[in-house]
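A.B. asks: In terms of the UniProt record's numbering, the sequence shown opens at residue 1 and continues consecutively.
Just so you know, these hints were derived from the structure itself, not from any lab.
Just to be clear, a hint being listed does not mean it is correct.
Stated by the list, open to error - Ranges between beta-carbon positions, derived for each pair:
1. Asn29 <-> Asp63: 15 to 21 Å
2. Pro72 <-> Leu186: 24 to 30 Å
3. Phe154 <-> Lys211: 23 to 29 Å
4. Asp85 <-> Glu126: 18 to 24 Å
5. Lys58 <-> Arg204: 43 to 49 Å
Ideal Cβ placement from N, Cα and C applies to all residues, glycine included.
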Amino acid sequence: MLTSTYIHIPGIGKETERKIWSGGITTWNEFLQNKNAINLPGSKKDKIAMEIENSMEKLEIRDIPYFAKSIPTSEHWRGFRNFSDSVAYVDIETTGLSPSSSKITVIGVYDGKDVKSFVRGINLEEIVQEMEQYDFLVTFNGARFDLPFIQREFPQITMEQMHTDLMYPLRRIGLKGGLKNIEHLLGINRSEETEGMDGFEAVRLWKEYEKGNEEALDLLLEYNREDIVNLETILDITYDRFVEHCYKGCTPQK
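With the hints as constraints, model all of the structure from the sequences given.
C.D. replies: What follows is the structure, encoded as structure tokens:
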């Protein structure tokens, strides 16, 4: 989907992008090959063609900050398949809801193969080096919650990656509510140990762990692990629906 995107080009909005798609031109290569037949002013076509060539070069060298800055954050999901070889599904647990008065207790990172847990008082600081390794971040409500918490506690993390907060593209395709509700709608089940748990229970488990209950931490980490692993499952199930919704009313992607 990234190579079908034009809204990152200065002066090109969604209306022009959809006009290009409606003309049967869905990819950068198709635009360059059929430029003369596209129903746009010549100067605009020349500008788009020039920016496409620049974008191809940026993609070739994996210039992630370029795409992160030029594509609206609401559309970062379009780059997922191009950078899925360097993705981190991220979720945090905290002592409360406010970054200014609460603190992170656990950060979970899943790269599609391995789950890594970073725990306050044990190895939380290692998240700084870990986060820098990825090109693409996936969260649920992370734009308003997880990433602000992480950036406040670890301002040295640059956060130049592309980032899709799944809550928003899921809403566009009619899947609304919290993460657990989305899982239910998609038929994704939790383990018996974590079924019915929520953020408030996660806070309680951390307090129990601080009192010396190691089993409480184990359960908290399992809860967090399911959060991040299920993000991958949700994205696998819904990504094509994101694409279909994006093209709705236009020529289907070739």
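A.B. asks: Next step is simple, just say for each hint if it's right about the structure.
C.D. replies: Comparing the hints with the structure gives:
Checked against the given bound of 15 to 21 Å, the beta carbons of Asn29 and Asp63, roughly 19 Å apart, stay inside it. Checked against the hint of 24 to 30 Å, the pair Pro72 and Leu186 passes, with Cβ atoms roughly 26 Å apart. Range check, Phe154 to Lys211: about 27 Å between beta-carbon atoms, so the 23 to 29 Å window is met. A hinted range of 18 to 24 Å holds for the C-beta pair Asp85 and Glu126, which are about 22 Å apart.
Between Lys58 and Arg204 the Cβ separation comes to about 46 Å, which falls inside the hinted range of 43 to 49 Å.
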